[in-house]
Amino acid sequence: MAKSYEYYLEIEFDNNNDTVIYEGNSYISSNHTADMVSLKYSGIRISFTRTYKKKWEDFRDQKNGYVMNHLKKALCCYMLAKGSIPECRAAVFAAEDSEQELYDLKNKLNDQSGGKLDIKLRRPDFSRVFTGDTEERKALYNSMTFFIHSQLSGNSPHDSMRAAWSSLNALYTEIHRTGKEQDKLDELWEYIPQLNMNKTTEYIIGLDDSVWNSLDWEKYVENGISNNDRKAKFKRLLDGLFAEQTDFDSLLGGLLFAAAKEKFPDLVNNCTASNVKKRISFMVCRYCYFKRNMSMHAGMPYPLYVFSEKEESRTENILVKILNYTVRDILTERYFCNNP
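The numbering of the sequence shown is my numbering, which starts it at 21 and goes up by one.
No wet-lab data here; the hints were simulated from the structure.
Watch out, some of these pointers could steer you wrong.
[To be verified] Below, a list of computed lysine to any residue pairs in the SDA-like style, where the Cα atoms sit at most 25 Å apart:
#1 K92 / V112
#2 K83 / Y47
#3 K102 / T71
#4 K136 / Y223
#5 K200 / M88
#6 K60 / G103
#7 K83 / K136
#8 K126 / S62
#9 K74 / I139
#10 K136 / T154
#11 K60 / R157
#12 K128 / M88
#13 K128 / G103
#14 K126 / D78
#15 K136 / S186
#16 K219 / K200
#17 K92 / I139
#18 K140 / N337
#19 K74 / A22
No experiment lies behind these values; they were computed from the predicted model shown.
Please model the complete structure; the sequences and the hints are all you need to start from.
Below, the structure written as structure tokens:
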């Protein structure tokens, strides 16, 4: 029988709270093989067995290596539970009876410590990040990384917007695994009203009228009818925005822009649960997607020179918040908590 070697990687944080965030298996190549992860506010311990003897550098430098992936996932879970990037007191790698202080790892962790998140998760149960099916684990981890990145200081609102959208994209692609992009967004449109969306609802209701007036309605509408192909799809683009049935042809007859600006405040001013969910669905599945496409496909200039942060960044900062609260609510309600 082949000899097996016992290893562990231990990270100690500048926090004496031994409350467990997650403790259990972290699956690797399949759901039949797993390493052990213990994540507490005070630190991380990853225990694993291999049939070969290797040094720390072999695990550290292995492309897509399981040990480092466990560590990265655990760090993301810590940040989402605590709301901050921890400071590392010590890092140790143990192979059999020998221990090695990992000053390189400690320094790299501390290079990023101190960052704060505006939006964290409440009472998270992270087991599905480590033990869900392969596609789910991948999607959740991807979403978490972009969710965290979008909130870190030093990002431009433009980059935060792209990261926030990528976080949501990972989730709705996992929830609706088949179909074209627009089909998945339509399914997300139907899915959002099924959730409580507590934090997103609270944030949306708190926005004043000037926010809705600052939306780029003209470009949004122009984008929807700029060619015959898009014109044919425009009914779907605005689906659910208008409070009552509106004649589509008359909207295209020169009234479209005015009607959009006139009708949307009906949803803003009427704070029924149904209307607030419509607002969330519209902002996330339609308007933010429109802004994402404008950015990704060079439909707007990159904000290379920003002379008025307040004027040029306000709307994008709000869109980032809407996307991040939506991601937070989906993660909390669907994946990480029974009691959001």
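Structure-based check of all given hints:
A threshold of 25 Å between alpha carbons decides the hint, and for K92 with V112 the separation of about 16 Å falls inside it, so the pair holds. Proximity of K83 to Y47 is assessed by CA-CA distance (about 17 Å); at most 25 Å being required, the pair is judged to hold. The straight-line distance between the Cα atoms of K102 and T71 is roughly 36 Å, outside the 25 Å bound, and the hint therefore fails. Simply put, K136 and Y223 have alpha-carbon atoms about 19 Å apart, close enough for the 25 Å limit, and the pair holds.
Note on K200 and M88: the hinted pairing is violated, with a Cα-Cα distance of about 33 Å set against a maximum of 25 Å. A hinted pair counts as satisfied when its Cα atoms are at most 25 Å apart, and K60 with G103 qualifies at roughly 14 Å. Between K83 and K136, the direct Cα distance comes to roughly 29 Å. Violation of the 25 Å bound is thereby established for this hinted pair. A distance of roughly 15 Å separates the Cα atoms of K126 and S62; the hinted pair therefore holds under the 25 Å criterion.
Distance restraint check for K74 and I139: the Cα-Cα separation of roughly 39 Å exceeds the 25 Å cut-off, and the hinted pair is therefore not satisfied. Distance restraint check for K136 and T154: the Cα-Cα separation of roughly 30 Å exceeds the 25 Å cut-off, and the hinted pair is therefore not satisfied. This hinted pair checks out: K60 and R157 have alpha carbons roughly 20 Å apart, not beyond 25 Å. Distance check on the hinted pair: K128 and M88 sit about 13 Å apart at the alpha-carbon level, within 25 Å; holds.
Only pairs whose Cα atoms come within 25 Å are accepted, and K128 paired with G103 is accepted, the gap being roughly 19 Å. Annotation: proposed proximity of K126 to D78 holds, straight-line Cα distance about 17 Å (limit 25 Å). Of the pairs offered as hints, the one joining K136 and S186 holds, with about 20 Å between alpha carbons and a cut-off of 25 Å not exceeded. Proximity of K219 to K200 is assessed by CA-CA distance (about 29 Å); at most 25 Å being required, the pair is judged violated.
Straight-line distance between C-alpha atoms of K92 and I139 comes to about 19 Å, which keeps the hinted pair within the 25 Å bound. The suggested pairing of K140 with N337 holds, with an alpha-carbon distance near 17 Å, which does not exceed 25 Å. Restraint check: the Cα-Cα separation between K74 and A22 comes to about 15 Å, which is no more than 25 Å; the hinted pair holds.
Violated hints for the displayed structure, listed by number in ascending order: 3, 5, 7, 9, 10, 16.
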